[in-house]
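J.: Here is what each chain is made of, one letter per residue.
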Amino acid sequence: EPEVTQTPSHQVTQMGQEVILRCVPISNHLYFYWYRQILGQKVEFLVSFYNNEISEKSEIFDDQFSVERPDGSNFTLKIRSTKLEDSAMYFCASSEARRQSTDTQYFGPGTRLTVL
Amino acid sequence: KNQVEQSPQSLIILEGKNCTLQCNYTVSPFSNLRWYKQDTGRGPVSLTIMTFSENTKSNGRYTATLDADTKQSSLHITASQLSDSASYICVVIDTGRRALTFGSGTRLQVQP
Chain D
1 EPEVTQTPSH QVTQMGQEVI LRCVPISNHL YFYWYRQILG QKVEFLVSFY NNEISEKSEI
61 FDDQFSVERP DGSNFTLKIR STKLEDSAMY FCASSEARRQ STDTQYFGPG TRLTVL
Chain R
1 KNQVEQSPQS LIILEGKNCT LQCNYTVSPF SNLRWYKQDT GRGPVSLTIM TFSENTKSNG
61 RYTATLDADT KQSSLHITAS QLSDSASYIC VVIDTGRRAL TFGSGTRLQV QP
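Going down the list, the sequences are from chains D and R.
If you read the first sequence in this note's numbering, its first letter stands for residue 1, the second for the next number, and so on.
If you read the second sequence in this note's numbering, its first letter stands for residue 1, the second for the next number, and so on.
A couple of the hints might just be wrong.
[To be verified] Just so you have them, the derived chain R footprint on chain D, three or more residues with Cβ under 8 Å:
no., region
1, 12 to 22
2, 26 to 38
3, 42 to 51
4, 101 to 107
[To be verified] Here are a few chain R residues that face chain D, going by a calculated C-beta distance under 10 Å:
no., residue
5, Gly16
6, Lys17
7, Cys19
8, Asn32
9, Gln38
10, Pro44
11, Ala86
12, Thr101
13, Gly105
I should point out that these hints are in silico values taken from the structure, not numbers from a laboratory.
Because the structure is a prediction, the values reported are computed rather than measured.
C-beta atoms are modelled at their ideal positions from N, C-alpha and C, and glycine is treated no differently.
All chains, full assembly: derive it from the sequences and hints.
T.: Below, the structure is given as structure tokens:
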């Protein structure tokens with residue numbers, strides 16, 4: 001069964017450094033998403049991406065964050081200058097872009113980001 | 001602002017027993033409600049999707065109900081198995097958006 005994959009599984013970085021988290025969505029999917037989950041807290045929406053542009057973003061997704069689909073398979077999240085509070089599990093998800101009410105989002109296994 | 005409240009926070013049951021998890025939500029305008037299962041350290045996995053007009057939806061041993069008038073949903077797990085040990089998260093979406101709003105989840109532990 002097709003699945004969303006993410007690399008790396010764990011990333012450790014120093015505060016102020018740039019990180020890029022990578023995702024390979026399911027191949028026939030057209031909508032892509034990033035969510036994050038701080039340890040012990042709820043999963044939170046960051047951004048959705050469709051047709052090569054951001055379709056929706058949350059208040060968390062500020063100028064420090066950017067997303068890109070550099071080729072036909074990868075979807076990336078870049079954090080320009082990491083802060084301690086960026087430490088979290090970051091989940092990528094993708095969906096087929098059916099009707100909004102029935103479009104299932106499939107999640108990857110996550111990348112655990114630790115900012116020191 | 002969308003809000004999702006779940007109860008109980010945690011639950012321990014014996015293998016083979018049934019349980020029911022509760023969700024209260026505030027979302028406007030409502031589009032649909034989903035239940036996800038999340039194993040520790042893993043991504044959420046969709047169990048059910050229910051729109052405004054659906055009262056009940058089943059997926060194997062999982063049965064979700066929705067009362068759009070009282071803005072409540074429940075997830076009933078029948079004949080629990082050890083592999084059901086996970087967090088069960090209620091998720092809502094409002095019309096016109098695709099961003100999921102997650103609840104805090106109910107952490108279920110099934111013991112032998």
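J.: Compare the structure with each hint and give your call.
T.: Against the structure, the hints come out as follows:
no.	hint	result
1	12 to 22	violated (count 0)
2	26 to 38	holds (count 3)
3	42 to 51	holds (count 5)
4	101 to 107	holds (count 7)
5	Gly16	violated, 28 Å
6	Lys17	violated, 27 Å
7	Cys19	violated, 21 Å
8	Asn32	holds, 5 Å
9	Gln38	holds, 8 Å
10	Pro44	holds, 5 Å
11	Ala86	violated, 13 Å
12	Thr101	holds, 7 Å
13	Gly105	holds, 8 Å
In summary, the structure is inconsistent with hints 1, 5, 6, 7 and 11 from the numbered list given earlier, while agreeing with the others.
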